[in-house]
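Could you build the full structure based on these sequences and the hints that come with them?
Chains as they are written, first to last, in UniProt numbering: chain A, 1 to 387; chain B, 1 to 387.
Please note: incorrect hints may appear among the correct ones.
Just some of the chain B residues that point at chain A, by a computed CB distance under 10 Å [unchecked claim]: (1) Gly207; (2) Pro209; (3) Asp210; (4) Trp212; (5) Tyr216; (6) Lys217; (7) Tyr221; (8) Glu224; (9) Ile226; (10) Lys228; (11) Glu229; (12) Gln233; (13) Lys234; (14) Val265; (15) Gln269.
Subject to a maximum C-alpha distance of 25 Å in a straight line, what follows is the list of computed DSS-like cross-link-like pairs (lysine-lysine) [what the hints assert, rightly or not]: (16) B:Lys213 with A:Lys217; (17) B:Lys217 with A:Lys234; (18) A:Lys213 with B:Lys213; (19) A:Lys217 with B:Lys257; (20) B:Lys217 with A:Lys213; (21) A:Lys217 with B:Lys217; (22) B:Lys115 with B:Lys228; (23) B:Lys234 with A:Lys217; (24) A:Lys228 with B:Lys228; (25) A:Lys115 with A:Lys347.
Derived by calculation from the structure, the hints in this document are not laboratory data.
Since we're looking at a predicted model, the values are computed, not measured.
Note that the Cβ used here is the ideal one computed from N, Cα and C, for glycine as well.
Number of protein chains: 2
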Amino acid sequence: MELGPPGGSGPAEPGPRLRGLRGADAAASASSLSRFGAEAGCRASAVAAVLPAGGSGERMGVPTPKQFCPILERPLISYTLQALERVSWIKDIIVAVTRENMETMKGIIQRYQHKRISLVEAGVTRHRSIFNGLKALAEDQPNCRLSKPEVVIIHDAVRPFVEEDVLLKVVTAAQEHGCSDYDLEFGTECLHLALKYSHIKAKLVEGSPDLWKVTYKRDLYAAESIIKERISQKVCVVMDTKEDEEHVGHCLEEMLKTELNHVKVTSGQDLQQIILEQCYNFVCVNVMTSDFEETQRLLNMVEESNLSILYPVVVISVHFLDYESVPLGQKMEKVMQIREFAKEAKKRNILLSGLLIYFPQVGKNIDKIVCSVDYSFFFFWWEPDFF
Amino acid sequence: MELGPPGGSGPAEPGPRLRGLRGADAAASASSLSRFGAEAGCRASAVAAVLPAGGSGERMGVPTPKQFCPILERPLISYTLQALERVSWIKDIIVAVTRENMETMKGIIQRYQHKRISLVEAGVTRHRSIFNGLKALAEDQPNCRLSKPEVVIIHDAVRPFVEEDVLLKVVTAAQEHGCSDYDLEFGTECLHLALKYSHIKAKLVEGSPDLWKVTYKRDLYAAESIIKERISQKVCVVMDTKEDEEHVGHCLEEMLKTELNHVKVTSGQDLQQIILEQCYNFVCVNVMTSDFEETQRLLNMVEESNLSILYPVVVISVHFLDYESVPLGQKMEKVMQIREFAKEAKKRNILLSGLLIYFPQVGKNIDKIVCSVDYSFFFFWWEPDFF
Chain A
1 MELGPPGGSG PAEPGPRLRG LRGADAAASA SSLSRFGAEA GCRASAVAAV LPAGGSGERM
61 GVPTPKQFCP ILERPLISYT LQALERVSWI KDIIVAVTRE NMETMKGIIQ RYQHKRISLV
121 EAGVTRHRSI FNGLKALAED QPNCRLSKPE VVIIHDAVRP FVEEDVLLKV VTAAQEHGCS
181 DYDLEFGTEC LHLALKYSHI KAKLVEGSPD LWKVTYKRDL YAAESIIKER ISQKVCVVMD
241 TKEDEEHVGH CLEEMLKTEL NHVKVTSGQD LQQIILEQCY NFVCVNVMTS DFEETQRLLN
301 MVEESNLSIL YPVVVISVHF LDYESVPLGQ KMEKVMQIRE FAKEAKKRNI LLSGLLIYFP
361 QVGKNIDKIV CSVDYSFFFF WWEPDFF
Chain B
1 MELGPPGGSG PAEPGPRLRG LRGADAAASA SSLSRFGAEA GCRASAVAAV LPAGGSGERM
61 GVPTPKQFCP ILERPLISYT LQALERVSWI KDIIVAVTRE NMETMKGIIQ RYQHKRISLV
121 EAGVTRHRSI FNGLKALAED QPNCRLSKPE VVIIHDAVRP FVEEDVLLKV VTAAQEHGCS
181 DYDLEFGTEC LHLALKYSHI KAKLVEGSPD LWKVTYKRDL YAAESIIKER ISQKVCVVMD
241 TKEDEEHVGH CLEEMLKTEL NHVKVTSGQD LQQIILEQCY NFVCVNVMTS DFEETQRLLN
301 MVEESNLSIL YPVVVISVHF LDYESVPLGQ KMEKVMQIRE FAKEAKKRNI LLSGLLIYFP
361 QVGKNIDKIV CSVDYSFFFF WWEPDFF
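Okay, structure coming up:
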């Protein structure tokens, strides 16, 4: 395949390097891999990744190019960037986008606080886009902050579920074998291009089924469900009292454990640590107080942590109301108040819902209600979308 | 490819032929196709379909064979059968299942009221399963109710989204070309098998992207989302009064139309017809009465129609409560009552939820509340899963 002169020039201005809590996927087994990763990083003087992202996505049946299609309101390419940038030994990530989408892409990098990203202009074909990325890495430009890599990973912008082990396999194979005859015979044309123009070693390694490419609209559905499943497996129950934790908290924990992999109950002292470990789901049980103190404290901590930048954080505020002891009118005022919280929280990707448990029988203990099979009380449920 | 003697024998007892409302997919463009279909049916003396369904689904990563994996609680193969049996000119559908799954399969046919189905035992390979299906069609058995077909469609049990137009293309191609050299060269081994053993014409026709096969777990997610999208595009708002229909009904209609393709508002007189046209989503607005008369009437009609056999029917019962005029205790009794309805309805695949709109300001009109942007009232939401 003969190529004309490249469509794009050098790298555009590097992406912003904002600090923030980064959202590694729950599925990543970071501990064992990072050791290997560090070794690979040692052996390779530098590893870079090039993402061709100049496609128009005509097979999607939607006007937005597929790399910009939203999954849980975040563009697909942001998930792919997240998967690559959590691999510490990838020093630079070059994204090739069309001129029209350059500003969109810069906005995505800024909004989701992606790091180590440089943008180059996409070519008219996928190969030219890759070429432009490789060229930016190979060029000796004054003031160029890019390290010259020994290994370049070429990764589709629309394969969001790439794992560190596969990337490591790619890098190791590249270091050990270079580019074999097999690849030249059976590999894709990308390899020819890399060999012919960039003088950078390259090799194709077979991926896992997880490496699938988002091509059709149904793949967006699947991607959304996979992401939802990942972030919904961990839940933290925050109790507003240590005493009740033993009763109500234990009941809730047992119930939730039948559905979810990770259930943590706390009376709040280790909340900061739980947020740092990227738990995206909270049930905040207000037993002692009739207002939203505990919920408000949790909302503040979540907001400060930047946890909700990458994924929506779900907070369910649970309130127990004794029919006899608290006048409904008074409780209603409180409900009005949480509506305001919910409105504000939603702007920051925190989905605050409420559960009011209104039990009409005097003398019924709260822990009995939570653990009861014969539910003889009322539930009221409100969701942020209602407001 | 040389085959030994077939693993299975003749057809097992035919599937039950129960009468009931059948759920054609919303996406099927029945009108124009059925004319073509009828023509094809005329030209072909008989068309049959064989579904090999003996797979173990090891790539799914789940213990259940993929054809039996649930989507919205119904097994995948039931969707495929539904897609085939809504094509009137397919006279017989032969499903090849393993001996262990024979009872499961019979249960599925009975529960979801599938028609024109015969079961044969699957062989140890996909080819033997197809062979057994073809053999059952070709054999001259006394008391055999199967028509000898001119054309046989061989269809994977795990491709649920097959449309009538593709099936028609298959049949037309088979009638016009028989089995060409191209197919023999490039087609799958199924063709060789069909040619060699069954003396029945067969041809491979290229399918559309919709014809994709459920292979991995992510495909189940995608299938579920596609089905949900299809059945959620149609909603019917049932008002309990004709007078309010103009105000509240119109507001609701306008709001819902921004999200959904088909919105119908009725005061109930044409409800039977709407159910017959397979609307799976209802909002039942109780303005005039403070009890559940309208909702109960709707639930009864849905239950009698068998609408919820194939897909869950969603009913949202909306109730307006004036803070001043109705004592809360009294309203609470009603809430208790709908919990019982919801429990019972869920057993019949009807998901009854409730929305209590509790407005504290005297003199506020209901239509103003529905259309209001500044919501100054309370919502209470209850879901069947809570009970």
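How the hints compare with the structure:
no.	hint	result
1	Gly207	13 Å, violated
2	Pro209	6 Å, holds
3	Asp210	9 Å, holds
4	Trp212	7 Å, holds
5	Tyr216	6 Å, holds
6	Lys217	8 Å, holds
7	Tyr221	3 Å, holds
8	Glu224	7 Å, holds
9	Ile226	6 Å, holds
10	Lys228	9 Å, holds
11	Glu229	8 Å, holds
12	Gln233	14 Å, violated
13	Lys234	19 Å, violated
14	Val265	21 Å, violated
15	Gln269	31 Å, violated
16	B:Lys213 with A:Lys217	15 Å, holds
17	B:Lys217 with A:Lys234	20 Å, holds
18	A:Lys213 with B:Lys213	16 Å, holds
19	A:Lys217 with B:Lys257	22 Å, holds
20	B:Lys217 with A:Lys213	15 Å, holds
21	A:Lys217 with B:Lys217	16 Å, holds
22	B:Lys115 with B:Lys228	24 Å, holds
23	B:Lys234 with A:Lys217	20 Å, holds
24	A:Lys228 with B:Lys228	16 Å, holds
25	A:Lys115 with A:Lys347	23 Å, holds
Checked against the numbered hints given earlier, the structure breaks hints 1, 12, 13, 14, 15 and satisfies all the rest.
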